[in-house]
Amino acid sequence: MLITNKEEQKQYNIKEYAVGNVNKRNMFTTDIPSIVEQNLTSQIYQSYFDHSDKIIQWWETHQNDNGENTVAGYKKSVSIKDIIIDIDDNDDLNNAKKSASIILNRLKNKYGINLIYTYPNFSGSKGFHIRIPSELFGGFESSPELPEIIKSICKKIAEDIKIDETIYHTTAIIRVPNTINTKKNLYAIPLTDIDVTNLGIEKILEMAERPQSLISRSRYFKSYPKLVELKNNVIKELSSKSKISTKAERVNAEQEGSTKSFNLSDEIKLDNNTTKLVKEIDDKTPIFCPFCDHTKRSHPNSANAFIDKNNEGFYYIYCSSESKTYWQKSFRVSGIFTKEKNEYYKIKRMG
Numbered sequence: 007m008l009i010t011n012k013e014e015q016k017q018y019n020i021k022e023y024a025v026g027n028v029n030k031r032n033m034f035t036t037d038i039p040s041i042v043e044q045n046l047t048s049q050i051y052q053s054y055f056d057h058s059d060k061i062i063q064w065w066e067t068h069q070n071d072n073g074e075n076t077v078a079g080y081k082k083s084v085s086i087k088d089i090i091i092d093i094d095d096n097d098d099l100n101n102a103k104k105s106a107s108i109i110l111n112r113l114k115n116k117y118g119i120n121l122i123y124t125y126p127n128f129s130g131s132k133g134f135h136i137r138i139p140s141e142l143f144g145g146f147e148s149s150p151e152l153p154e155i156i157k158s159i160c161k162k163i164a165e166d167i168k169i170d171e172t173i174y175h176t177t178a179i180i181r182v183p184n185t186i187n188t189k190k191n192l193y194a195i196p197l198t199d200i201d202v203t204n205l206g207i208e209k210i211l212e213m214a215e216r217p218q219s220l221i222s223r224s225r226y227f228k229s230y231p232k233l234v235e236l237k238n239n240v241i242k243e244l245s246s247k248s249k250i251s252t253k254a255e256r257v258n259a260e261q262e263g264s265t266k267s268f269n270l271s272d273e274i275k276l277d278n279n280t281t282k283l284v285k286e287i288d289d290k291t292p293i294f295c296p297f298c299d300h301t302k303r304s305h306p307n308s309a310n311a312f313i314d315k316n317n318e319g320f321y322y323i324y325c326s327s328e329s330k331t332y333w334q335k336s337f338r339v340s341g342i343f344t345k346e347k348n349e350y351y352k353i354k355r356m357g
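For the sequence shown, my numbering gives the first residue as 7, with consecutive numbering after it.
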């Protein structure tokens, strides 16, 4: 069933919940606070990834062997708000805490992020979760391959520390912070990075006997260059290993007032008469402007433009022949182009 208090939904604002135990799934909602507030004495799990209403359509039309509706087998595009690293140690909670502290320090010292933007929490049982806002990575495009990308990113951040890799799939669910774990009768309490490093396990377990105040923070975070670089490197690496799709949908990008266009999956001519896929461009890749009449140029056989992205992650084309800049409206660069049909992005003259 879908529970919502909004008539209009954004494309990826649906979470799946399990209330009571991990198997009581298939509660889909856009009204996330209400689900938590109404079930404070129950175990609550939510989907790792954010879904569109396609997951509900799948659930309504697919059944398991018992004839019950199920999301099993669902592998459509997903989005993500928080990247979660799950550190467990069945034998020694102190080791799990130490590992969580190492990862937090690595985020600070290796990737340069301010740890006030991280959201650690005790899992209520045998480990710790570290949430990292997707904005710190420059955001992620919705994609069927996103779980594989996030898994690879988390493994690279963890390095030699063992993490739970089973949570990186399309329909994965994970315990909601500050809700009870009935196995231990402890809460998955929110912590700060200082808590994880400085508090002893005994103190954390004592705090976990009851819910703690949630830490409220703004979602308007800046991206961190080293995390953006990590994301881009992972996408390139997985693409080269064919673990993620490199075939883009043909989404027209058009110059206003013109029938000329190029596609995100098109090849474009480079200076040396070779071609390169638009989706594989590097910074300031020289190209032949797709909107020029090259027969009228003084040097028709040389590249007269470059395609690049700005600091907000939008593609644009600068044409030196016409001294014009064209840009691709509302399209964030991630290296993967998966768009719903009937959507397109205009190339528009600036200035």
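Treat the hints as calculated values from the structure; they're not laboratory data. Heads up, the beta-carbon is just placed ideally off N, CA and C, and yes, glycines get one too. One thing to keep in mind: the hints can contain errors.
[What the hints assert, rightly or not] Once the Cα atoms are required to be at most 20 angstroms apart in a straight line, the calculated SDA-like pairs of lysine to any residue come out as: (1) 81 x 147; (2) 87 x 189; (3) 189 x 114; (4) 82 x 173; (5) 30 x 104; (6) 132 x 147.
[Unchecked claim] Label pairs and their calculated CB-CB ranges: (7) 304 x 239: 36 to 42 angstroms; (8) 232 x 26: 55 to 61 angstroms; (9) 166 x 242: 18 to 24 angstroms; (10) 59 x 207: 24 to 30 angstroms; (11) 71 x 190: 56 to 62 angstroms; (12) 121 x 206: 15 to 21 angstroms; (13) 302 x 81: 46 to 52 angstroms; (14) 242 x 305: 31 to 37 angstroms; (15) 308 x 60: 31 to 37 angstroms; (16) 232 x 301: 43 to 49 angstroms.
Hint check:
A distance of roughly 15 angstroms separates the Cα atoms of residue 81 and residue 147; the hinted pair therefore holds under the 20 angstroms criterion. Using a Cα cut-off of 20 angstroms, the hinted pair residue 87 and residue 189 is violated, with the two alpha carbons roughly 28 angstroms apart. At most 20 angstroms may separate the alpha-carbon atoms for a hinted pair to count; residue 189 and residue 114 exceed this at roughly 33 angstroms. For a cut-off of 20 angstroms, the pair hint linking residue 82 to residue 173 stands: about 16 angstroms separates their Cα positions.
The hinted pair formed by residue 30 and residue 104 fails the criterion: a straight-line CA distance of about 33 angstroms is larger than 20 angstroms. Between residue 132 and residue 147 the CA atoms are separated by roughly 32 angstroms; this puts the pair beyond 20 angstroms, and the hint is violated. Look at residue 304 against residue 239: about 40 angstroms separates their beta carbons, and that is inside 36 to 42 angstroms. A hinted range of 55 to 61 angstroms for the beta carbons of residue 232 and residue 26 is inconsistent with their spacing of about 41 angstroms.
A hinted range of 18 to 24 angstroms holds for the C-beta pair residue 166 and residue 242, which are about 23 angstroms apart. For residue 59 and residue 207, the Cβ-Cβ distance of about 43 angstroms falls outside the hinted range of 24 to 30 angstroms, so the restraint is violated. Take residue 71 and residue 190: their Cβ atoms lie about 32 angstroms apart, and the range 56 to 62 angstroms is violated. A beta carbon spacing of about 20 angstroms between residue 121 and residue 206 agrees with the range 15 to 21 angstroms that was offered as a hint.
With their beta carbons about 49 angstroms apart, residue 302 and residue 81 fall inside the hinted range of 46 to 52 angstroms. The hinted range of 31 to 37 angstroms is satisfied by residue 242 and residue 305, whose Cβ atoms lie roughly 33 angstroms apart. At about 46 angstroms, the beta-carbon gap between residue 308 and residue 60 misses the expected band of 31 to 37 angstroms. For the hinted restraint 43 to 49 angstroms between residue 232 and residue 301, the CB-CB distance of approximately 46 angstroms keeps it satisfied.
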